[in-house]
Amino acid sequence: MKSSSVTVVPEDTARVAKAVFKKGNRYLTLRDTFGDLFDAAEFAPLFSNQGKPAVNPAWLALVTIIQFAEQLSDEVMADQVRSRIDLKYLLALPLDDPGFDASVLSEFRTRLVEGRAEKLLFEQLLARFRDHKLLRVRGQQRTDSTHVLAAVRALNRLEIVTVTFRNALNALSVAAPDWLTGHLQPEWRERYGYRLEPGPRPRNKAERAQFAQTVGADGLALFRALSAKDAPGWLWQLPAIETLRQVWLQNYALSVEDTLMFREQDHPPAGRFVSSPFDVDARLGVKYSTSWVGYKVYLTESCDEDLPHLVTNVESSPATTSDIAVLPEVHRHLEERNLLPERHFVDSGFIAAELLVQAEDQSITLLGRARPNVQRQVSGPERFSVEDFVVDDAAQRVTCPAGKVSQSWSPAHDLDQAVIKVKFSRTDCLPCPLRDRCTNDARRSITLRPQRGRAALQRRRVEQETSAFIRTTRVREGIEGTISQGVRACGMRRSRYRGLAKTQLQHLAVSSAINLQRVADWLMGVPREQTRRAAFVRLYPTAV
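Count along the sequence shown from 1, then add 1368; that gives the number in this note's numbering.
Derived from the structure by calculation, the hints contain no laboratory data. Among the hints, a few may not be true.
Stated by the list, open to error - Keeping only pairs whose Cα atoms sit at most 27 Å apart, straight-line, the calculated DSSO-like set for lysine-lysine is: (1) 1772 <-> 1789; (2) 1487 <-> 1501; (3) 1655 <-> 1870; (4) 1391 <-> 1501; (5) 1791 <-> 1772; (6) 1487 <-> 1870.
Please take these sequences and the hints and turn them into a complete structure.
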């Protein structure tokens, strides 16, 4: 690896840049304030000491962030480095520097992903800003998520098995063309040789079922050929063949006649289901009326009014990941950077009894609205919820609204969370005059959280109705602006790559780009954007 020999902006570059940008420039301001933003030595483990010296990785890291900030391709970004005076000033390059070949950027990203060092882009920059007192320890932060579309098409199950089989044939044609030639069936050319769009599609349910059975039989024939004694064993190690195996297990079941039947109901849940053979990490996510195939990204940012609002943590996950499962990881990564907040603003998706307790143990005030209790076993305006029962944790018993005491108290686990299962006696419930308001079953049963979590959740449901709480938690709404900036200005909504690791690299680079721009604007005195209002609102008196 070649280290940078230039740590000061060349005189000719500085003279021209200052003459051109008399009113100031983001990149000039960043260079004048921080000097070299990245340390090349941090990237040294990614490079070999043999062969031709590599381009300075400190330059490549900064150029990669700018590339995502401005949504530029590798070719265009390389041209920008050669031609733009503000970038030459930021990178401390002479005016006649020829730059580098565009392929270097792709190679650099590959090194980051393969070396599991993609977080270096984000963490090094964040550390520099923290050293300059632009981040407050134990300050205020807020978190929210948004959906990310994978770089693949959304397919139905019939299309998934068809495309997966064609992808396996294509992979075998490259890896073992001679072997595949001896096992190709004549009808496969018409059935899988073209994309799905131009060819005839099954028109009704019966034709779709028949086509699914045909594709399944073709896959089974290929598996049998791969399992033959004369077949090379290493073919099973091809990623496309492993994906084919997973997709067939998820979509087909072996019948008693030793044939494959297309599964109608008992296929795996969305969290494990392969939605595309081209991106096996992408999952089908659903939130309210929105559905997508891809990922989710969780952004956490500081929100102290006297400092720039900087992204402090980025979490990329499959689309099926719940908010409750991600929050402990957010806090763990913030703790590793010594950036745990004193107050953490979130929405209701991140509020649960166990998370309130965990945050309290970390001296974090987790602020967000808890969802209302919907644990009722009958419907109606006078139905009984858990809050109508009196819980005595010391005696391990619960008293119902009719005054009857529970029959059993059993510790259990629900979705990996500790709970308590409480059941009442049939003898008490069946003749009870209040039974119609309590349960439709022969007896009432309820599920309780442990005492500490249950108390924390009850306190939150009371305090969240106060005007002080509502006024305080409005701070959370600002994270929507950060998500909007990432989506609209930096292309975060769509993944540029396939696979979770590369998608995470994109999210980290976009978040670093947001931080870079916000710090530059802060140093230049650019006011923070305010929430836009309709034009007619300005006509109302201030007191209204």
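Going through the hints against the structure:
For the hint linking residue 1772 to residue 1789, the alpha-carbon distance of about 17 Å falls within 27 Å, and the restraint holds. A C-alpha spacing of about 21 Å is found between residue 1487 and residue 1501, which places the hinted pair at or below 27 Å, so the restraint holds. Among the hinted pairs, residue 1655 with residue 1870 is consistent with the structure: their alpha-carbon atoms are about 24 Å apart, no more than 27 Å. The suggested pairing of residue 1391 with residue 1501 holds, with an alpha-carbon distance near 26 Å, which does not exceed 27 Å.
With a C-alpha separation of about 11 Å, the suggested pair residue 1791 and residue 1772 falls inside the 27 Å cut-off, and the hint holds. The hinted pair formed by residue 1487 and residue 1870 meets the criterion: a straight-line CA distance of about 11 Å does not exceed 27 Å.
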